[in-house]
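Chains as they are written, first to last, in our numbering: chain A, 1 to 149; chain B, 1 to 656; chain C, 1 to 276.
Mixed in with the good hints there might be a few duds.
[Stated by the list, open to error] If you only want the chain C side, here are some residues facing chain B, beta carbon under 10 angstroms, derived:
{"hint": "1", "residue": "E93"}
{"hint": "2", "residue": "F127"}
{"hint": "3", "residue": "Q190"}
{"hint": "4", "residue": "P191"}
{"hint": "5", "residue": "Q192"}
{"hint": "6", "residue": "L263"}
I should point out that these hints are in silico values taken from the structure, not numbers from a laboratory.
A virtual CB, placed ideally from N, CA and C, is assigned to each residue, including glycine.
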Amino acid sequence: MSELFEPKIIAFVCTYCTYAGADLAGTSRLKYAPNVRIIRLPCTGRISPMFILKALQKGADGVLVSGCHPGDCHFTHGNYHARRRWMVFRSLLDFMGIQPERVIFSWISAAEGGKFADLINTVTEDIRKLGPFDQYKELIRETEAPATL
Amino acid sequence: MAKIGVFICHCGENIASKVDCTKLAAAIGEHPGVAVSVEYKYFCSEPGQESVKKAIRDNNLTGVIIAACSPRMHEATFRKVCAEAGLNPYLCEIANIREQCSWVHTDKEMATEKAMDITRSMIEKVKRNNKLQPIEVPVTRRALVIGGGIAGIQAALDIANAGQEVVLVEREPSLGGHMSQLSETFPTLDCSQCIMTPRMVEAAQHPKIRLLTYAEVEHVDGFIGNFKVKIRMKSRYVDINTCTGCGDCMTKCPVKKISSEFDCGLGKRTAIYTPFAQSVPNIPVIDKASCIYFKNGKCKTCMKSCQINAINFDLQDEFIDLDVGAIVVATGFQVQNTAGYGEYGYGKYPDVITGLQFERLATASGPTSGKILRPSDGKEPETVVFIQCAGSRDPSKGVHYCSKICCMYTAKHAMLYAHKVHHGKTHIFYMDIRAGGKGYDEFTRRAIEEDDASYVRGRVSKVWLENGKLMVRGVDTLLGRPVTIAADMVVLATAMVPQPNAKEFAKTIGIAYDEYGYYNEAHLKLRPVESSTAGVFLAGACQSPKDIPDSVAQASASASKVLALFSKEKLEREPVVATTNEATCAGCWGCVLACPYNAIEQKDILDRSGRIIKRVASVNPGLCQGCGTCVTFCRSNSIDLAGFTDKQIFAEVMAL
Amino acid sequence: MITQEKYRSKAKKLLAEGSVKMVIGYSPGSTPDRRRPVFIRSFDEADQLVLDSNCIANLSGYLVSEGLLSDEKHVAIFLRPDGIRSINILAAESQLNVDQIIIFGFDTNGNEVRALTGEHAGEFSEFIGSIKEHPPEKSRDPLLYQIEQMNPQERFAFWKDEFSRCIKCYACRQACPMCYCRRCIVDSNQPQWINTSSHTLGNFEWNVVRAFHLAGRCVGCGNCDRACPVNIPLRLINSRMAEEVLDSFDHFAGLNPAQEPVLASFKKDDSETFIL
């Protein structure tokens, strides 16, 4: 049996909904794939497209962005602003040749531990099928100076 | 040089069974900048906390990572631990290796690897954390209550009774609002004036309440704890300090046939008037538009009749500037203009009236002294048709929502009518009967069973006049057939709508509103009485249609929020707020638009001679709630969010 | 020629009576078919002004030069429809006060030049609205279709190849009227979001971020594209983004001076079909 490709996935989530949903998956002892690394932010409104580019630069094979459902934002509007940005940024990435399947957006509430676990499994499986994001990794390799802080 | 302490918690077996904590501690110990990397069974326990404190002191740690459960669980605990050990609490971060690692993964090796990533990422973040201090905002302990209806009065009384100062502003000449126009109130049928008037008097006489009637809020500046408010005192042309309220001027005024706003056009008033007999304060105003003197410079009958010379035609509007710490907005509602319902004949047939007009007819102190009489000929109607949802729940008329009170007041009207006109007959067209509330369903049942109200489930398509009768054509959807009722009077349960200037006024105060103009709460479920602007609270029907019990409850809730705010001299807030870089800000104001809290202002940068060099965005930390939406918008990266800075997040990603 | 004369004499009149302090226009360039920007400050310089179908550059960016408008005096400027849209955006983003700008509006059709009716930004709103409703035919670049036909790997390779030539000279930024930031994000190094090396990663990041910053703001004037010394078809990315905001949010950049920036506003019922 050949070695299974383990994709690296970086997630940006808001603390009030999706992070809480992920905690709920934990307290409910749901099991899901260990490939996702979560970065906690106050609100989806804080999630800059730049973060997504940085995650790809760090060798992520996929990026997940998630926050409160429309109408549920703790900060009332952050997710509505985020949704517009995502719409535009997603289509930009698509046009640049980054498959939409590699950058996934979702709404997960604090009550949706199950949805969180399922999504992580689905996303991990989907990106595993797509394989490593070699094209982007090649960009990184071609750049002499390694990513620095 | 960073000296980070990493404390890896086993959480009994909860973490240790799936994460190899020893291996984790050893690997993390090798990470640059880590001075301490230790594991322990329960860091949240007393000895655990003590060991963290000791490590901070012994090693002069510059940052602390607790690799344990979710920050939502113990972040506050460990930040306190750090503070007690002399380390700024915001230099502590939690690496969540329980809820998001050990509890959800089965493969120990992969879980351990993930725990390492999570911990390293947080180490890189904490290296870039700044020492933050809670933001202290001084609080002016004086509340402004806008609107002198039942909600505003209740809020003002609750705050004042707790010993805090209140300024109560009402734009009409008298307190009272819509409640003072009502006859009896559901579901108990106690007289509205009887329960309302004592409240009005209490508010007016309360030593802690400064009452400003016939006054409007012109301008609001500032932020929570520190609002600056400008109030316009509209001129009454009557000196409020000398007038005794004897009423001679009103008796003598030659202009007597002005349609009374308070009586919804069913009664008349004079040009110098009080809206109603029990007005508080009982001091008249001159309606400039109708006064003969203001029209052609002659008359002054009222002035001559006044024995104490309280009337002065030269009085001007005055302005009052106030500092207040909190604002309760209780500006109420209006009844929808029924002109859009041409098919019901409102405005065309005088005996088609609104629910509020019916209230005036039914009130003992109203234009008919409580007799139900037709406006057209003063006769007692023998058949009355009530049409519910005449505006509400009708998207074609722009009101999608349920006005909430109409089912109840229509049932009440049917009862009052039955009690006054014993041989009369009532028919009520309805869509659904919504009687959720204490004693409400029993009330509507009583209207049907004891007072013989005939409910017809269906809509009315047309009302027309035929042989002196108002013919009401509708459909009975339960029987599946059209019905036509010959009525003497038709009462429309018109929709509750926001005040016509609600949106403009919201902009004055700086709060958000919905598509209709109802004021938005900070969170519909969990923060229903707070507006989206810190320090501004909502009460009554300005937020959404409400009945009296709900308005009063919300007013008391708002008052309790105000009192909580006033409980300390200074307000402490989380320092997770945005700050702008004035040097690089390009002044495009996208952030101002994007901010949900109106927390970003334009700031002038001046040179030595006071000339404006440029305008930049500036965040008011008293208003900022720390969502970071502005940060993401800024193209030149001129805004950052404390606690979640670009540098921190960048470092977190780069450590993965 | 008629339009050129008309605007020349208008420029002379405005300068002579002192109602504008400067006219920004075109003058002959280094070759017969090139035009260079000219800044006319006095009556007798106005004969340098040229207006023909070679006048293609969007001059609006000069208006936000540091200090030009801070004395509150008026400036006249030659603008094509896209330039008028640019100043609407600049006004919406508080970079200039449209009342200070006298527009010499013109459009070309082949070799023909015609003057646009109006003088102040607001007067063109209806005209710009008509461009939104009826975009000129064959305005979509055929290359866009080609790129859309590619699979993601091919598209990625296409752009990688294009960007491999980028030398990070930032001429695109310099030429763009929308790039008025005092400090560009690429110059911020604490932290450094965009790799400043002119290797493909840095090039890729730079061009993606710039395109994102122009989404809903680009009017497709082509200044960046013409400025690029290595001929990267930057217009394609920006026009694709313009299509996106039009399709998704019905936003046509620069419709009027009071238009809300598309990414600083939202509607509750914005499309979200892509969100799981």
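For each hint, the structure was consulted:
1. Taking 10 angstroms as the C-beta contact cut-off toward chain B, the hint placing C:E93 at the interface holds, the least distance being around 4 angstroms.
2. Below 10 angstroms, beta-carbon pairs count as interface contacts, and C:F127 has none with chain B, the closest being about 25 angstroms; its hint is therefore violated.
3. With 10 angstroms as the threshold, the beta carbon of C:Q190 comes within range of chain B, its nearest partner Cβ sitting at about 6 angstroms, so the hint holds.
4. This hint holds: C:P191 has a C-beta 4 angstroms from the nearest C-beta of chain B, less than the 10 angstroms allowed.
5. The interface hint given for C:Q192 is met, as the beta carbon of that residue sits about 8 angstroms from the closest beta carbon of chain B, less than 10 angstroms.
6. A distance limit of 10 angstroms between C-beta atoms decides the matter here; for C:L263 the minimum to chain B is near 7 angstroms, and the interface restraint holds.
Hint 2 from the list above is the single one not met by this structure.
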